[in-house]
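Peer 1: These are the residues of each chain, in order.
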Amino acid sequence: MTSLDARAGTVSPSNAPTKRRRKFSARTLLIPAIAILLFGLGYPVIWQFFISFQEWGRPQLFGQPAEWIWLDNYIKIVTDPTIWGIVVRSIVFCAVTSAITVGIGGLLALLMKAAGRTARFILQLSLLLAWAMPVVAAMTVWIWLFDRRSGVVNYLLVNMGFDQFYLFSWLESPTTFFGLAAVIVVWMSVPFVALAIYAGLTQVPDEVLEAAQIDGASGFKRTRYIIFPMIRPVLNIVILLQLIWNLRVFTQIKMLQDRGSGTSDYDLLGTFIYKTGVQSFGLTAALSIFVLGLTIVLTFFYVRSMLKDEAI
Amino acid sequence: MLGFKAKRAIFSMIAILVAAIWAFPVYWMINSSLLPNVKLESRIPTFWPDGGNLNNYQNVLQKGDFFQALGISAAVTLLAVAGCLIIAFMAALAISRFRFKGRTSFVLTVLIVQMLPAEGMFIAQSQMMSNLGLKNNILGLSLLYMAAVVPFTVWMLRGFVAGVPIELEEAAMVDGLSRAQAFFRITFPLLAPGLVASGVFAFLQCWNEFTVGLVMMTDNANHTLPLWLRAFVQSSATRAIDWGQVMAASTLVAIPVVIFFIIVQGRMTSGLVSGAVKG
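As they're listed, the protein sequences go chains G and U.
Following my numbering, the numbering of the first sequence begins with 1 at its first residue and continues without gaps.
Following my numbering, the numbering of the second sequence begins with 1001 at its first residue and continues without gaps.
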């Protein structure tokens, strides 16, 4: 646009020709973003969607045409007990870790509010430290903490009198394997939840709480009838994000499997998809579409609650 | 009934106890990284790195493949972040400065797409990249990272652009600047902090990414830092793990990230729940 246009526009900055040119340039600005999203995400997802209706395995990798089998891959997900077991296990794992995370996160947020300034700062710093740890680095530490022979956790448990933990291997039964995975996931995700809820709590005006106290409301009643409704929007978003994030616990499970066992008893959706891979891509694609579908349903609620509070 | 001060003291003590528990794994990583393996393999743990040294770090750094992985990570991340910032900045400008048909659908797409899990797409992405000959390729991985971080960056930058009042630009145009001049001389300098913050976030995402890297970089020679660290643990899985070195390696990977993260985290918390806390 030349400076002449702009000077003409000073009389009325939104006259018709300028407006049309602006609209044109606005859409042009979006082209690179749309292009990279289509390339990196759009195309693979659409391709995967079509393949999920095909018999696509090893022969197709070498150029044989794939056969359309429509819903067979999806039927297999529901009917094959191993795969169905993994689906159910993933959903249960996601729900349980999210519930524990939000519970502990909420309690820590209340604790931050109740503690003195120095103690609060120390707690926040410690949470930040845990949050900032790169997942892979954090996983190596946790595996080391729970090491069978020289791990500090077994040592402490034995010293507290639980002799059954002498040389106890946490990764050799699915129950303790997923228990440990849940502890790690909770440790990693509580910081965000606690800090977000605490930020919400600081928005609750002290005057309201004081007034309620003068009127005789107990601590529990104040939490239940004043604090809780006021932080509910934050709580909703935090819960949704936890559900979305805890569906994708790939790195944690993968690295625990590296040390323990990699059989399907120890799989969640991510690791199972990785393991099956292109060997039977039709089935993998169907599972991936299932994961994406589940995420999109959850994301829909996230987006809706974002939209409710903010004009976009 | 306890007094207010006594209650506060009790809560403060609990808070410090929780803080100690939460930070313990991080402490344990640093502690172990300073201790010789004789002490680490003993049945009785050493809780304080008394008489520790930097030998583990020396051994890790001497291997050479650490620096190779560092180089790959740096190249992939740099390409992805630079590309992402340019692309996202243009898009953020469009959606916060202009009203046009399709704008709302674009914003909605951005919101939804940033939640899609890599685990739902990575096999398809890897297959596509191998068809294009971009597997085990720095450019290939950085393109996928770009696609992954563009949505969140657009979302963040959009807030920053909207924070600079359009009136500033219009005033400059009244004073005789063209629209482009007004933008680059007035608005752009005000956006610099926002660009830096968004860049750091994109950096952290790409630098720590594991899943897509794992399917894309199958050659050891192309491992990024997280993949290198995982392979490091795995390679010693059959023998006894050299925990001292593994912890030193983890510390090396973690420290720069932790510092960066702590500097910018406030914006992330508020970005994710933005709009939810308006009271």
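Just so you know, these hints were derived from the structure itself, not from any lab.
Hints are not guaranteed to be accurate.
[Claimed, not checked] Heads up, simulated BS3-like pairs for lysine-lysine below, C-alpha to C-alpha not over 25 Å straight-line:
| id | chain 1 | residue 1 | chain 2 | residue 2 |
| --- | --- | --- | --- | --- |
| 1 | U | K1101 | G | K221 |
| 2 | U | K1005 | G | K308 |
| 3 | U | K1039 | U | K1063 |
| 4 | G | K275 | U | K1135 |
| 5 | G | K76 | G | K275 |
| 6 | U | K1039 | G | K113 |
| 7 | G | K113 | U | K1063 |
| 8 | U | K1007 | G | K221 |
[Said to hold, decoys possible] Here's a subset of chain G near chain U, in silico, CB distances under 8 Å, partners left out:
| id | residue |
| --- | --- |
| 9 | F93 |
| 10 | A114 |
| 11 | A137 |
Glycine included, each C-beta is placed from N, C-alpha and C at the ideal position.
Peer 1: Work down the list of hints and note, for each, if the structure agrees.
Peer 2: Results of checking the hints against the structure:
As the CA atoms of U:K1101 and G:K221 are separated by approximately 49 Å, the hinted pair breaks the 25 Å bound. Taking the CA atoms of U:K1005 and G:K308, the gap is about 41 Å. The hint is violated against a cut of 25 Å. Note on U:K1039 and U:K1063: the hinted pairing holds, with a Cα-Cα distance of about 23 Å set against a maximum of 25 Å. About 18 Å separates the Cα atoms of G:K275 and U:K1135, which keeps this hinted pair within 25 Å; it holds.
For the proposed pair G:K76 and G:K275, the alpha carbon gap of about 17 Å is at most 25 Å, so the pair holds. Taking the CA atoms of U:K1039 and G:K113, the gap is about 41 Å. The hint is violated against a cut of 25 Å. Proximity of G:K113 to U:K1063 is assessed by CA-CA distance (about 48 Å); at most 25 Å being required, the pair is judged violated. Taken as a hint, the U:K1007 and G:K221 pair is honoured in the structure, with Cα atoms around 18 Å apart against an allowance of 25 Å.
Taking 8 Å as the C-beta contact cut-off toward chain U, the hint placing G:F93 at the interface is violated, the least distance being around 13 Å. Hint on G:A114 holds. Least Cβ distance to chain U is approximately 4 Å, under the 8 Å limit. For G:A137, the suggested interface contact is upheld, since its CB lies about 4 Å from the closest CB of chain U, less than 8 Å.
Hint violations for this structure: numbers 1, 2, 6, 7, 9, all remaining hints satisfied.
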